[in-house]
Amino acid sequence: AQTVTQSQPEMSVQEAETVTLSCTYDTSESDYYLFWYKQPPSRQMILVIRQEAYKQQNATENRFSVNFQKAAKSFSLKISDSQLGDAAMYFCAYYRNEKLTFGTGTRLTIIP
Amino acid sequence: DAGVTQSPTHLIKTRGQQVTLRCSPKSGHDTVSWYQQALGQGPQFIFQYYEEEERQRGNFPDRFSGHQFPNYSSELNVNALLLGDSALYLCASSWYGTEANYGYTFGSGTRLTVV
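Residue numbers (the numbering used here), protein chains in the order written: chain A, 11 to 122; chain B, 478 to 592.
Looking at chain A on its own, in the form it has when it is part of the complex (with noise of 0.2 Å):
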């Protein structure tokens, strides 16, 4: 079973200054999604951002990006120039088969 691991419960950034969210994750198989979900307090699950396995170049969403290390099996989020839009729960996932598999979150706290 696929399984994804964020091993940063809470992480807190100055406004306007960057910050990496790391995830990690295991499967056995080649193709597969990776995604990048911010949940704010409305709790509705918002997609940041997204990576298709078979691709090497990593995504970028305006102040959004990624670094996909799929031999490692590592998915960071990096967030620059920080706003107070931005606090918020992110969650990790996997995708395949039309179905996702979160990690636990990380709280980002963003300090004005």
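Some hints could be false.
Output of the computed footprint for chain B on chain A, the stretches with three or more beta carbons under 8 Å from beta carbons of chain B [to be verified]: (1) 48-61; (2) 100-108.
With a straight-line cut-off of 16 Å between C-alpha atoms, the simulated EDC-like cross-links for lysine to aspartate or glutamate are [said to hold, decoys possible]: (3) K65/A to E27/A; (4) K109/A to E531/B; (5) K109/A to D41/A; (6) K109/A to E39/A; (7) K109/A to D507/B.
Everything labelled a hint here was simulated from the structure, so no lab data went into it. Glycine is no exception: its CB is placed at the ideal position from the N, C-alpha and C atoms.
Got chain A; can you put chain B on it based on the hints?
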């Protein structure tokens, strides 16, 4: 463009009772998946419905059952409620068989409290 709608938003039930949660998928989506998110945890996959059938199921007991209607909306039923069933229940919709690039759309969930 309507997103995923879940009802009710909050619910309090007594141990042993039964509960039904409802989900309307995003317009154009035909697949509904249900997740349970316990406090302080990541969501866990319960099951998925497509073409009114359960297509796959996570590690949840038979007390958890579901249904999908011809209009693609879905219900999650939980029988004989336990205190441990207290959680946020998330519904997500998607278009079956598409590339993951299209991804899931999540609702805001139903917070179930069992007392």
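Okay, the hints, checked on the actual structure:
no.: 1; hint: 48-61; verdict: holds (count 7)
no.: 2; hint: 100-108; verdict: holds (count 5)
no.: 3; hint: K65/A to E27/A; verdict: 28 Å, violated
no.: 4; hint: K109/A to E531/B; verdict: 13 Å, holds
no.: 5; hint: K109/A to D41/A; verdict: 13 Å, holds
no.: 6; hint: K109/A to E39/A; verdict: 14 Å, holds
no.: 7; hint: K109/A to D507/B; verdict: 15 Å, holds
Checked against the numbered hints above, the structure breaks only hint 3 and satisfies the rest.
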